[in-house]
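There are 2 protein chains.
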Amino acid sequence: MKPYLKEHAWSIIEEGFNKTNHEISESVFSIGNGHMGQRANFEETYSGSSLQGSYMAGVYYPDKTRVGWWKNGYPEYFAKVLNATNWIGLNIVINGEPLDLHTATVKNFKRELNMKEGYLYRTFIATLSNGNELKVEATRFVSFAMKEIGAIEYLITPLNFDGTAEISSYLDGDIINSDANYDEKFWTGITQTAEGNRAEVTVKTKKLDFVYTAMKETHVYLDSKAITPRSVNTREKYAEVVFDAPLKEGVTTAIYKYAANVTNRDHQTDALTTVATDRLNAAVALGFAELKDAQKQAWAKKWQDSDIVIEGDVSAQQGIRFNIFQMNQTYTGEDARLNIGPKGFTGEKYGGSTYWDTEAYCLPFYLATADQEIPRNLLVYRHNHLEKAKENAAKLGFTKGALYPMVTMNGEESHNEWEITFEEIHRNGAIAYAIYNYVNYTGDQAYIGERGIEVLVEIARFWEERVHFVPRKGVYMMHGVTGPNEYENNVNNNWYTNRIASWTLEYTLEALAHLKASDPDRYQTWINQLNLTTDETTKWKEIIEKIYYPTVEDLGVFEQADNFLDKEIMTVDQLDDKHLPLNQNWSWDRILRSCFIKQADVLQGMYFLNHKYDLATIKRNFDFYEPMTVHESSLSPCVHAILACQLGYKEKAYEMYLRTARLDLDNYNNDTEDGCHITSMAGTWMSVVEGFGGMKVIDNQLYLNPFIPGQWTSFSFKIVFRGARLMIRVTQDNVEVTNETNVDVTVNIHNEAYPLTANSTTSVAQ
Amino acid sequence: MKPYLKEHAWSIIEEGFNKTNHEISESVFSIGNGHMGQRANFEETYSGSSLQGSYMAGVYYPDKTRVGWWKNGYPEYFAKVLNATNWIGLNIVINGEPLDLHTATVKNFKRELNMKEGYLYRTFIATLSNGNELKVEATRFVSFAMKEIGAIEYLITPLNFDGTAEISSYLDGDIINSDANYDEKFWTGITQTAEGNRAEVTVKTKKLDFVYTAMKETHVYLDSKAITPRSVNTREKYAEVVFDAPLKEGVTTAIYKYAANVTNRDHQTDALTTVATDRLNAAVALGFAELKDAQKQAWAKKWQDSDIVIEGDVSAQQGIRFNIFQMNQTYTGEDARLNIGPKGFTGEKYGGSTYWDTEAYCLPFYLATADQEIPRNLLVYRHNHLEKAKENAAKLGFTKGALYPMVTMNGEESHNEWEITFEEIHRNGAIAYAIYNYVNYTGDQAYIGERGIEVLVEIARFWEERVHFVPRKGVYMMHGVTGPNEYENNVNNNWYTNRIASWTLEYTLEALAHLKASDPDRYQTWINQLNLTTDETTKWKEIIEKIYYPTVEDLGVFEQADNFLDKEIMTVDQLDDKHLPLNQNWSWDRILRSCFIKQADVLQGMYFLNHKYDLATIKRNFDFYEPMTVHESSLSPCVHAILACQLGYKEKAYEMYLRTARLDLDNYNNDTEDGCHITSMAGTWMSVVEGFGGMKVIDNQLYLNPFIPGQWTSFSFKIVFRGARLMIRVTQDNVEVTNETNVDVTVNIHNEAYPLTANSTTSVAQ
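Listed in order, the protein sequences are those of chains G and L.
In terms of full-length UniProt numbering, the first sequence opens at residue 1 and continues consecutively.
In terms of full-length UniProt numbering, the second sequence opens at residue 1 and continues consecutively.
Think of the hints as simulated: they come from the structure by calculation, not from any bench.
All of these numbers come straight from a predicted model, not from anything done at the bench.
A few of these clues could be false.
When chains are identical, the list treats them as one kind, so a pair holds in a single copy or across two.
Said to hold, decoys possible - List time: in silico EDC-like cross-link candidates among lysine to aspartate or glutamate, alpha-carbon distance up to 16 Å:
id, residue 1, residue 2
1, Lys71, Glu486
2, Lys473, Asp562
3, Lys473, Glu545
4, Lys473, Asp566
5, Lys539, Glu465
6, Lys473, Glu568
7, Lys541, Glu506
8, Lys473, Glu673
9, Lys207, Glu450
10, Lys546, Asp566
11, Lys206, Glu236
If we strip away everything but chain G, and leave its shape as in the complex, we get (with noise of 0.2 Å):
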């Protein structure tokens, strides 16, 4: 498929109405706010093909598991994210003439996203088959300032008639979610009203009670007189609101929409009414155009936080501020309960709204551009769920500990592959690692003796079990567990599950040796409450002796897995194209029989535990492992930009930054119908922040390492470290370091330190 999108430094825009891009669109255009999102659906019918996709964050369903065949500790249900009542919709029919894109002849079809602001535009002239020539203008945004509203503005000009437009405003709950197993509904009706201007429905989940009530208000101004409506229609689940609407050639009808989105995660059940009521009566006070202006504020200080400019490449600006601006539609981090999904608020593919790209992926990104109590509530979600990862390890048969689950909505296992579910283990490790992560950047060691302790030593418990002494070889072993590289499943000995493994109970002796130094009391507290015995840390201390790994002695690299080494060894550029992507060419135990590797898996650990390892022995394995790599999932080319950008392969690492940097924008999985890649939007920042930018922090320092690609003229990042916001640019020639607040912080550049006071600029040859 051809690129379709125009090349704009702050706005997506598509230019020509082409039909098979529409899915495709409907995931791109997508608006979210955290606390709701909408797929790019058009307000008016459309009978072509189409992914109508409303969704409220935190509201899922658990669907029947369905497998082939059943083994022994797979969930009953995958959680998944539900779609939900369309508030959106708009029939329209003009002189007795469906307005539906899909059957209409369009001239001068525009779809913009305008990032800057928040907000998505479409206009379009369209000619329906009675001859009636209109421009349509519609514009609409999920609000920042009021999370639970969502406001359009639909602008209708005839061009060539006078008449009349039937226009039905509705909200329709009768929805199916796309991936359901059993093609079952899991939405039931509660209530549907319709008087004056205002409908709501109210819908239930038929399993887990969660209550969504949508409430809407709709008015039609003909050159600003408003339009009375002409009737009100319910059925269940639906309510509609019908205008009549004068037409006159070269004057605009406007119809505003408002709806507000309320659910029982967030007020009482009998309350949500009530609740809704106040809600839309508060937008409509404020009207279309201060709402507008709200969202435009509100987004400037995302930009103020979080922008990346890149000079020179608009088709680079364009894609990393899209992968931006998704982050922050996705998760705005004031609600501990939420997460980020796969697909965000841009479909419903892959269900579960948590995977270990959280951690590994999404977290660095909100550290360094968000305040501290958005990653912290990251952090929060999964000491929420220890219970629920302690009964998943107890489910599987061990005594104690802790296993966080593969995919989950609610601390409980969603997933059902068993080399995936039960043996991709390593995840409970990167939720370990954040809490390092976010407590080294962050400085905030008090998160460890408030929450951060329990989940340390719970996860070293599970890893404590799940190693097995061998006699035979005086060492510790973990068998059966599926790596990063998810194209070796079932091996024994992955690298990085036993490194972060044995890294998991260094880190908790560590953490725990702290809090005993800084806060005896407290310390002593969750000793007694988590009952950690001298023999648990003992047993500890003996597995990160004498835990085995894996090592190639005559190359210098370690192995990935037992056996790695007996493989035929090639090279990806000793395949034939044809073969390429292997996940789309080759059977899968060819795959998996093939030295060939997914994602970053030796690298993985090699960037989490950068500091651990030197740059020869880091470049040994780079070298080793990166030519074996086909990078067939979007979150594998970030750690090897960030690394080759280490190892000083400028080339090697503008390669890896460039496939994922604009991977929905220009579909390149021929999956974006499905929804946007949102986590991996993450790896892309990682790769310009942490790779180009060389961002580091070790022992409370900041450290940049920048260097920038040829083929840019600068670019420069914000990020925000120990209170203060720093502005990096970086341009051929030099490394110009602005702090533009009020606090002092020192910056190593190049390795060398700069004290930075407040609202200065520091500047350095690259």
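Assemble chain L onto chain G, guided by the hints.
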């Protein structure tokens, strides 16, 4: 569950009606004749829990695959045994009250599977809620003399009333498979007719166009007086003839139902009605008594060739006869398009008809007890599927060779678990081994030149490409396989798989050499047709020489797979009972990384290639692996029983024998309601003949090394060897071999040769 069946040497008997056992009995009391089969459902309506099951051999349906997560290479369809038109149904209403054992009061209930004569008999006295008490006796069989005919005698005797029975004798083709993936019905109706005493229902599968015509004729007599039908009715897929039969206290009303069951597998589609009419005419002309007598004679011949007599243990006697009975009911070997399904005609679970069970466990039974053409047809079946097996290999990315499917009906793969479908490739070795086994037993070396060599070469080619050379170690390895022990998945260098692969290459080279020497023309024709090059055969020799066999040098045992000895090594007796069976108590990952073995793996190799290993090696491996084996496959104990006999481990041998001898009769695995474990029944036969009997054929010589369990007075078995039928009787003191035929033969008893002339008996001290 408690065993509830009576012990009897020749019959399976259930006394008293217990609804909770009904579905188990429906499986156990099933009847079949190789062409078709029928679960032991009641003829009259039963409103309780029941799996109605009627199966026509070779009639299957490609049900759309259902998986949780798709893997490249999975087949789109799973070929399922089709549950088909119910031809036994009699709906009986006594004075307005339906006869239904679920609601009636039942006494004197008895169900008997008469194995000696091959019929199912049932009797009971039922009291209906209207107080009417009646005695019923029902007898039915599917005929061996007329394969397409089923016949029922159903006798009703009123005990305390006169009145009328409304008897609907029906055919019902509106059947659904209990295991349909998407609750779809697989049959469409074609025609249904009813006239006079006859009715016909013709149905067609929604895919593949199998057409099945069931035609039946019903006669009802009171005191030898024929009753004329009252009416006939049809609706889609259904036809009935209804009688109003007068009932007289103490007088028997007799119903005879004859059904012809013909399909377009055997006849032209447009001739089905004609053929069914002919068959039915012939059956009706013979009448029930004569048909039943012919059945008795057919079974007498079966028992003459294949009976095993155990004296001093009725339970064991019943168990082994049940197994032999079921083997003979399931497969008669006249039709090379058929094979041996895991449930035979006793249920529809698992679909498919052919697993490696056929070659590994069933073939020896037919080799030793049936005419040579019958086991030969099992080989021809695979030869006929060779093109599909080549397609299967190509689909998985191989440039040549054949990979036979894990589960199949028509040669196409039906299974979809990547670790089995793609990796449990040792099945290919068993298919090669079956050729060796057949030629070795029968001496029919000509089969190699006729068909066998083609299969051997294509399998050898597969192995050639499936191994890879490891330059660092100078060996060939095979990665990513699942061995016979399915409690390890995706391992490297499974010893058994490497060994059977290498053995295939050895045997293929031997077979080629033999063919070249014995029939140079035919040899050259095959070389040309197969385009076999010396490059290939040279490569095979190199692989034989350099293939890697994992070995534990210090213990003197083969290692089941790479890293097996790195596991936590334990024996089953160290496990608390609460953990067993593992497959019900442990999560799948825990099973996989444990050392516990589901079924013989290294020892399967010691069994197949017994002549290649000395007793000390077999003993070391048995002593090492057997204690770790949980035998959670019903195919496991037989191999251990046979090796235990060879090693003189008498108690272990008997223990292993007992584990499957009455598997279904005692519902040992709590799953007999789904159907009987047909293929493991052949394993029990092997335990007796090859284990206790110590029967082996080496270099065209028959060897017997019998020992008798202390619990038995004697056991005797029949085998057919090179045209002679032998009866071997083993007592605590003697081995007595009787040659029942006119062919001279030599038998080696305890490794001493005894010439056995026609119709003579030799007795040797034990």
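Now for the hints, and whether the structure bears them out:
Within a single copy, Lys71 and Glu486 get their C-alpha atoms only as close as 19 Å, which misses the 16 Å cut-off; across copies the closest is 13 Å, which meets it. Taking the shortest alpha-carbon separations for Lys473 and Asp562, both the intra-copy value of 14 Å and the inter-copy value of 15 Å come in at or below 16 Å. Taking the closest pair of Cα atoms, Lys473 and Glu545 come within 16 Å of each other only inside a single copy of the chain (14 Å); across copies the shortest separation is 30 Å, beyond that limit. Taking the shortest alpha-carbon separations for Lys473 and Asp566, only the inter-copy value of 8 Å comes in at or below 16 Å, while the best intra-copy value is 20 Å.
In this assembly of identical chains, the alpha carbons of Lys539 and Glu465 lie at most 16 Å apart only when taken from the same copy (10 Å versus 46 Å across copies). Taking the closest pair of Cα atoms, Lys473 and Glu568 come within 16 Å of each other only across two copies (12 Å); inside a single copy the shortest separation is 27 Å, beyond that limit. Proximity of Lys541 and Glu506 under a CA criterion of 16 Å is satisfied intra-copy only: 8 Å inside one chain copy versus 52 Å between copies. In this homomeric assembly, Lys473 and Glu673 never come within 16 Å of each other (Cα to Cα): the closest approach is 52 Å inside a single copy and 48 Å across copies.
Proximity of Lys207 and Glu450 under a CA criterion of 16 Å is satisfied in neither setting, with 34 Å inside one chain copy and 64 Å between copies. With identical chains, the CA atoms of Lys546 and Asp566 are at most 16 Å apart between copies only, with a shortest distance of 14 Å across copies and 24 Å within one. For a Cα distance limit of 16 Å, the shortest separation of Lys206 from Glu236 inside one copy, 15 Å, qualifies, whereas the shortest one across copies, 37 Å, does not.
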